[in-house]
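A.B. asks: Below, each chain spelled out in residue letters.
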Amino acid sequence: MRLLLIEDDLELGHGLQSALAQSGYVADAVHTGQDALNAIAAATYQGIVLDLGLPDMDGVQVLRLLRSQGITAPVLILTARDELQHRVLGLDAGADDYLCKPFDIAELEARIRALLRRGDSAAATLRLGNIAFEPASRRLTVRGQEVELTARELAVLELLLRRSGRIVSKKHIFDSLYSWDNDANLSNVEVFVSRLRRKLANTGADVGIRVFRGLGYRLEQGCASDETP
Amino acid sequence: MKHPEHSLRKRLLTRLWIPLISVLFLGALLSFGLANHFGNVVHDRWLLDSATTLATQLRADTGKLILDLPRSAVEMFEWDSVDRIYEEVTSPSGKLLFGNAAFPKAPEDLSPNQPRYYDADIGGNPVRVVAVAVPSPADASKTVTIQVAETKKKREALVREIMLVVVPLQIAILMLAGGFIWFAVTSSLSSLDETATRLGGYDPDGLVPLRDVQNAPSEIKPLISAVNGLIKRVSEVNAAQQRFVANAAHQLRTPLAALQVHTERALRETNPERHAEALTHVLTAVTRMRHLTHQLLTMTRSGTSSASMMVMTDFDLADLARDELERWADTAIQRNVDLGYEGPEEGPTVHGEPQLLRELIGNLVDNAIRYGRTGGEVTLGVRPSPTTIFVQDDGPGIAVTERERVLDPFYRTPKSGGDGCGLGLAIAREIAARHGARLLIMDHVPRGTRVEVVFGSG
Chain Z
1 MRLLLIEDDL
11 ELGHGLQSAL
21 AQSGYVADAV
31 HTGQDALNAI
41 AAATYQGIVL
51 DLGLPDMDGV
61 QVLRLLRSQG
71 ITAPVLILTA
81 RDELQHRVLG
91 LDAGADDYLC
101 KPFDIAELEA
111 RIRALLRRGD
121 SAAATLRLGN
131 IAFEPASRRL
141 TVRGQEVELT
151 ARELAVLELL
161 LRRSGRIVSK
171 KHIFDSLYSW
181 DNDANLSNVE
191 VFVSRLRRKL
201 ANTGADVGIR
211 VFRGLGYRLE
221 QGCASDETP
Chain F
230 MKHPEHSLRK
240 RLLTRLWIPL
250 ISVLFLGALL
260 SFGLANHFGN
270 VVHDRWLLDS
280 ATTLATQLRA
290 DTGKLILDLP
300 RSAVEMFEWD
310 SVDRIYEEVT
320 SPSGKLLFGN
330 AAFPKAPEDL
340 SPNQPRYYDA
350 DIGGNPVRVV
360 AVAVPSPADA
370 SKTVTIQVAE
380 TKKKREALVR
390 EIMLVVVPLQ
400 IAILMLAGGF
410 IWFAVTSSLS
420 SLDETATRLG
430 GYDPDGLVPL
440 RDVQNAPSEI
450 KPLISAVNGL
460 IKRVSEVNAA
470 QQRFVANAAH
480 QLRTPLAALQ
490 VHTERALRET
500 NPERHAEALT
510 HVLTAVTRMR
520 HLTHQLLTMT
530 RSGTSSASMM
540 VMTDFDLADL
550 ARDELERWAD
560 TAIQRNVDLG
570 YEGPEEGPTV
580 HGEPQLLREL
590 IGNLVDNAIR
600 YGRTGGEVTL
610 GVRPSPTTIF
620 VQDDGPGIAV
630 TERERVLDPF
640 YRTPKSGGDG
650 CGLGLAIARE
660 IAARHGARLL
670 IMDHVPRGTR
680 VEVVFGSG
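Protein chains in written order, with our numbering: chain Z, 1 to 229; chain F, 230 to 687.
No lab work stands behind these hints, which were simulated from the structure alone. Please note: incorrect hints may appear among the correct ones.
To be verified - The calculated lysine to aspartate or glutamate pairs, modelled on DMTMM-like cross-linking and capped at a C-alpha distance of 20 angstroms, are: (1) F/Lys461 <-> F/Glu493; (2) Z/Lys171 <-> F/Glu575; (3) Z/Lys171 <-> F/Glu553; (4) Z/Lys170 <-> F/Glu571; (5) Z/Lys170 <-> F/Asp432; (6) Z/Lys170 <-> F/Asp434; (7) F/Lys381 <-> F/Asp290; (8) F/Lys324 <-> F/Asp290; (9) Z/Lys170 <-> F/Asp368; (10) Z/Lys170 <-> F/Asp338; (11) F/Lys461 <-> F/Glu506; (12) F/Lys381 <-> F/Asp434; (13) Z/Lys171 <-> F/Asp434; (14) Z/Lys171 <-> F/Asp545; (15) Z/Lys170 <-> F/Asp309; (16) Z/Lys171 <-> F/Glu574; (17) F/Lys383 <-> F/Asp278; (18) Z/Lys170 <-> F/Asp278; (19) Z/Lys170 <-> Z/Glu158; (20) Z/Lys170 <-> F/Asp545; (21) Z/Lys170 <-> F/Glu574; (22) F/Lys324 <-> F/Asp278; (23) Z/Lys171 <-> F/Asp548; (24) F/Lys371 <-> F/Asp338; (25) Z/Lys171 <-> F/Asp309; (26) Z/Lys171 <-> F/Glu555.
Computed from a predicted structure; not experimentally measured.
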């Protein structure tokens, strides 16, 4: 995975380059808009991290030039300005995501991972910790061992996996499980989730479902699933 | 559309001068007309006297009407140093008894002893004529018509004399009154000029109120008072901002100092374990500074002066609240806090700036997690009618005596001990106020703090 890092602050650019290298990304760092355009013309990048405040031109301008040249690599904008209109401006110009300075390295990496994954098809295997789910064959494996789940349990798990790291509301799960005319109610969701938690715990998964009171459920790594809700 | 520049002085002068000139001109016309009229009346009477004198010379002589007019009488009668006099006497049958000029025919409908005056032309000279019918001495049922005419030289001379007096007099009055008006307008407006000069030369750095308000005219006093009020408010806001900036700079010093200490320590440290530990402190200090910077920015953005930059929209408060609450999930997990939402799936619609309301909710939740109980419970709730957001924890609570002060920027309760910067509640109150909402701090039963933001009550 090769990334292009466009950041005019040398300190920050260097720090980011090293941090990304620690996580296994090869990142080329450039400091001006012109250098960035040259680098993109010379090599193919899977992802671009772009600072908006560049010395020679505006980052949004660089982004527009890139997009007009048909470069489709995902672009993550980094900026110190977090006003809504700046965000909208960046996204309108063709950016895929937006992160405000200062930020956690972990968050930047998570966003980059998400961006790189976005190109994958919906049928690609969903993974978290030691569990893997293949949407096409609807098979779930934990530590390589196949685990038997009912269709609805699998549907709940898929929903949580697709939005891993985010809280999924009970209502959302309910809407995706049942059609309008069904007379099931929200407590059915609780039943499925608690069954799913038990099964995950029993198979030795290092992934668990955390309950947030009144908010919903979140699939996370290193969360013991045997807690009672 | 460009408005033509208007000057009070010009407007006052034109609006006073034009009516003044018109009135004086009309007055002159009127007095001239009157003088002329009375002059005419007097001359007309003399003319009639002549006609009456002529009538007394009529006599009946054996039933025959004769005019007894000696030559000397005619001469005396016609003598005038300026004008020429003409006369004509016609018998009832229309026969000319006497005449020294070709008169126009006398009016037909003359009543006896009712003189009639008219203008005519005799031998190329404009004349004034009086025609009068008198009973004939020969036959009282018939009338003799007497006409006397006089050229108009005396009358024209009278007009000239009146003009010679009236015109210069009117011009003098006009000049005098115009001068008084100019003086009154100019001297009255000079105090306005003076105020304008003072305002023009105002030094905006000093923010000192304008003086001598008492001596100013009562029309300008409200203006000066308003300007002084504005100056006072600006200087208060200025002072508050300067205090805030100074406070903020001091607040940044502490984490900066920690950052420096731990960085230097990390650089010196050879033991990898202690090196990593020092770096952890560096990260903590950086996180604090990051938090503080963010809070300062939010405070600025929610301040009164940036009201015009707010982008207000309608949105579902419950959606926004849940979404913002989710951001605090990991912080809550770190402090082993049970974070929850209490309220309807679809909440009340609120008109506001979503980004700022997120900050408000975030600050309340952050405070509850930070100053609540480790392993405790924090609940964010939304209630309709009146639209309310509340955040409650089961921590130590805020003493009643502290509840006002915790809303002040940078104030932190003595026991708080957390690593906050003391801006959270100040920001929350500011944002609530921007949305016409009131922020209330109360007890959460059986223990803890409950902060309510009630909309539509500000």
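A.B. asks: The structure should be examined with respect to each hint, and the outcome stated for every one.
C.D. replies: Structure-based check of each hint:
no., hint, in the structure
1, F/Lys461 <-> F/Glu493, "violated (48 angstroms)"
2, Z/Lys171 <-> F/Glu575, "holds (11 angstroms)"
3, Z/Lys171 <-> F/Glu553, "holds (18 angstroms)"
4, Z/Lys170 <-> F/Glu571, "holds (14 angstroms)"
5, Z/Lys170 <-> F/Asp432, "violated (64 angstroms)"
6, Z/Lys170 <-> F/Asp434, "violated (60 angstroms)"
7, F/Lys381 <-> F/Asp290, "violated (37 angstroms)"
8, F/Lys324 <-> F/Asp290, "holds (17 angstroms)"
9, Z/Lys170 <-> F/Asp368, "violated (137 angstroms)"
10, Z/Lys170 <-> F/Asp338, "violated (119 angstroms)"
11, F/Lys461 <-> F/Glu506, "violated (52 angstroms)"
12, F/Lys381 <-> F/Asp434, "violated (82 angstroms)"
13, Z/Lys171 <-> F/Asp434, "violated (59 angstroms)"
14, Z/Lys171 <-> F/Asp545, "holds (16 angstroms)"
15, Z/Lys170 <-> F/Asp309, "violated (129 angstroms)"
16, Z/Lys171 <-> F/Glu574, "holds (8 angstroms)"
17, F/Lys383 <-> F/Asp278, "holds (17 angstroms)"
18, Z/Lys170 <-> F/Asp278, "violated (126 angstroms)"
19, Z/Lys170 <-> Z/Glu158, "holds (14 angstroms)"
20, Z/Lys170 <-> F/Asp545, "holds (18 angstroms)"
21, Z/Lys170 <-> F/Glu574, "holds (10 angstroms)"
22, F/Lys324 <-> F/Asp278, "violated (23 angstroms)"
23, Z/Lys171 <-> F/Asp548, "holds (12 angstroms)"
24, F/Lys371 <-> F/Asp338, "holds (13 angstroms)"
25, Z/Lys171 <-> F/Asp309, "violated (127 angstroms)"
26, Z/Lys171 <-> F/Glu555, "holds (15 angstroms)"
Hint check: violations occur at hints 1, 5, 6, 7, 9, 10, 11, 12, 13, 15, 18, 22 and 25; the rest are consistent with the structure.
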